[in-house]
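**Q** Taken in order, these protein sequences are the chains called A and B. The letter at position 5 of the first sequence is residue 978 when you use the numbering used here, and the numbering goes up by one with no holes. The letter at position 83 of the second sequence is residue 78 when you use the numbering used here, and the numbering goes up by one with no holes.
Calculated from the structure, these hints are not laboratory results. A couple of the hints might just be wrong.
[To be verified] Here are the computed lysine to any residue pairs in the SDA-like style, where the Cα-Cα straight-line distance is at most 20 Å: (1) B:K60 x A:L1207; (2) A:K1211 x B:N2; (3) A:K1211 x B:D16; (4) A:K1089 x B:S36; (5) A:K1147 x B:L17; (6) A:K1174 x A:A1156; (7) A:K1211 x B:D33; (8) B:K27 x B:Q6; (9) A:K1211 x B:D31; (10) A:K1056 x A:E1124; (11) A:K1211 x B:T10; (12) A:K1211 x B:S49; (13) B:K60 x A:E1113; (14) A:K982 x A:G1044; (15) A:K1211 x B:L32; (16) A:K1147 x B:V40; (17) A:K1211 x B:V7; (18) A:K1211 x B:K47; (19) B:K60 x A:V1115; (20) B:K60 x A:L1116; (21) B:K47 x A:P1208; (22) B:K60 x A:A1112; (23) A:K1211 x B:L17; (24) A:K1211 x B:Y29; (25) A:K1147 x B:D16; (26) A:K1211 x B:V12; (27) B:K48 x A:L1207; (28) A:K1147 x B:L32; (29) A:K1020 x A:A1100; (30) A:K1211 x B:D35; (31) A:K1147 x B:I37; (32) A:K1147 x B:K47; (33) B:K51 x B:E30.
What you are looking at is a predicted structure, and each value in this text was computed from that prediction instead of being measured.
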Amino acid sequence: MMQLTRLRKVWQISSAAFCYFLFGLGALIVGIFFRLLSPLPFIPAAKRQHMIRWSVHKGCLTFIRIMRFFGLIRYTFDVDSMKQARTGHIVIANHPSLIDVVLLLAVNEQMCCFVKSAVWESIFTGAVVRQAGYIPNNAEQVLPMAAAKLEAGENILIFPEGTRTKEDSVIRFKRGAANMAVAVNAAIMPIVIECHPRALKKGDKWYDIPPGGPKFKLTSKNLITLEDCIDTSLPRPKQYRQLTSYLESYYERQLIAVSDTNIPSEK
Amino acid sequence: MNTEKENILTQVRETLVELFDLEPSEVVPEAKLYEDLDIDSIDAVDLLIDLKKSTKVDLTPAQFKQVRTIQDVVDVLAELSVKA
């Protein structure tokens, strides 16, 4: 019995290692492929970006399917409201795990995101994220860059917590999402990510995966417009703060609601 | 602090209370904008625009770059209003 558990653990770690290796390799190949294409004059920049984001989307979809095949994760998506929402919105989500962004890219064919410097500088992912027109989150002009993209009709993903969620019951948002929304009066598409049992948290090892894999559920809610939740005639700093606290309590409510429904089913 | 700076401080305090939902008692000269008052770089842009209007001093983002505390804000404004 003991040995069987150990064998299962070894299998799980090797399959996880294989998946992450494929992920890095895939990102590298897509990055190099489009670099090689770039001297070709007949592909307009917008078309190129569209193609790269499409490749990223398909790559992420493939990655999570392989993860699921190996029993490393399970997932369900209920994101129709997001797909139907008018474009130029900000996608926000709570951030339970390492692979949240991969799951979100797997359900969004064309979405912009913020990239931390570790990913921007990485030899595996650097080329693809730069060519995909994502925004490096340490850039001087992050807000004007994001605002221009929203106004051009792109959807931008941001995790307002700025880092992975520690405990579901305590949600603390930074003001970046609200800054963007107020700057261009963009609507907000909230996604609730459930992850049971919690895995791949900040500080967890990538190979430390519960048996059967964590179960993810992504649910998109109704689009939130600023007029719905704050007084848009106030000075902007007040709007940033009001909107941020509105979104924090919105997520606390949503996460309490899902944890209530999850407890009985786990017994 | 001379009377002129006291007046500027009063004005800055009013602006900050109005913009950032702060208590007047929090806006003291030694308070740090970011650490103590939770005013970040985006807020600073809005603050700059507002101060420019209320003090009629020609503030530029460059002059605001080195500002860390309320005292620094008052000093910059005092210096500029002398020049004006």
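**Q** All the hints need checking, so say for each whether the structure fits it.
**A** Hints, verified against the model:
Restraint check: the Cα-Cα separation between B:K60 and A:L1207 comes to about 26 Å, which exceeds 20 Å; the hinted pair is violated. A threshold of 20 Å between alpha carbons decides the hint, and for A:K1211 with B:N2 the separation of about 24 Å lies outside it, so the pair is violated. Distance check on the hinted pair: A:K1211 and B:D16 sit about 7 Å apart at the alpha-carbon level, within 20 Å; holds. Taken as a hint, the A:K1089 and B:S36 pair is honoured in the structure, with Cα atoms around 19 Å apart against an allowance of 20 Å.
Taking the CA atoms of A:K1147 and B:L17, the gap is about 18 Å. The hint holds against a cut of 20 Å. With a CA separation close to 32 Å, the supplied pair A:K1174 and A:A1156 exceeds the 20 Å bound. Using a Cα cut-off of 20 Å, the hinted pair A:K1211 and B:D33 holds, with the two alpha carbons roughly 12 Å apart. This hinted pair checks out: B:K27 and B:Q6 have alpha carbons roughly 17 Å apart, not beyond 20 Å.
This hinted pair checks out: A:K1211 and B:D31 have alpha carbons roughly 17 Å apart, not beyond 20 Å. In summary, the hint linking A:K1056 to A:E1124 is supported, as the alpha carbons are separated by about 18 Å, within the 20 Å threshold. Taken as a hint, the A:K1211 and B:T10 pair is honoured in the structure, with Cα atoms around 12 Å apart against an allowance of 20 Å. For the suggested pair A:K1211 and B:S49, the alpha carbons sit about 18 Å apart, so the restraint of at most 20 Å is met.
Of the pairs offered as hints, the one joining B:K60 and A:E1113 holds, with about 13 Å between alpha carbons and a cut-off of 20 Å not exceeded. Note on A:K982 and A:G1044: the hinted pairing holds, with a Cα-Cα distance of about 12 Å set against a maximum of 20 Å. Note on A:K1211 and B:L32: the hinted pairing holds, with a Cα-Cα distance of about 13 Å set against a maximum of 20 Å. Annotation: proposed proximity of A:K1147 to B:V40 holds, straight-line Cα distance about 17 Å (limit 20 Å).
Pair hint A:K1211 plus B:V7 holds up; C-alpha atoms about 16 Å apart against a cutoff of 20 Å. Proposed proximity of A:K1211 and B:K47 is supported: the alpha carbons are some 18 Å apart, at most 20 Å. At roughly 17 Å between alpha-carbon atoms, B:K60 and A:V1115 fall within 20 Å of each other, so this suggested pair holds. For the hint pairing B:K60 with A:L1116, the CA-to-CA distance comes to about 18 Å; that is within 20 Å, so the pair holds.
Proposed proximity of B:K47 and A:P1208 is supported: the alpha carbons are some 15 Å apart, at most 20 Å. About 17 Å separates the Cα atoms of B:K60 and A:A1112, which keeps this hinted pair within 20 Å; it holds. Between the alpha carbons of A:K1211 and B:L17 the distance comes to roughly 10 Å, so the proposed pair stays at or under 20 Å and holds. Of the pairs offered as hints, the one joining A:K1211 and B:Y29 holds, with about 16 Å between alpha carbons and a cut-off of 20 Å not exceeded.
For a cut-off of 20 Å, the pair hint linking A:K1147 to B:D16 stands: about 17 Å separates their Cα positions. Between A:K1211 and B:V12 the CA atoms are separated by roughly 10 Å; this keeps the pair inside 20 Å, and the hint holds. The suggested pairing of B:K48 with A:L1207 holds, with an alpha-carbon distance near 16 Å, which does not exceed 20 Å. At roughly 15 Å between alpha-carbon atoms, A:K1147 and B:L32 fall within 20 Å of each other, so this suggested pair holds.
Of the supplied pair hints, the one linking A:K1020 and A:A1100 holds, its CA atoms being roughly 17 Å apart against a limit of 20 Å. Taking the CA atoms of A:K1211 and B:D35, the gap is near 13 Å; set against the 20 Å cutoff, the hint holds. A C-alpha spacing of about 12 Å is found between A:K1147 and B:I37, which places the hinted pair at or below 20 Å, so the restraint holds. In summary, the hint linking A:K1147 to B:K47 is not supported, as the alpha carbons are separated by about 27 Å, beyond the 20 Å threshold.
Distance restraint check for B:K51 and B:E30: the Cα-Cα separation of roughly 28 Å exceeds the 20 Å cut-off, and the hinted pair is therefore not satisfied.
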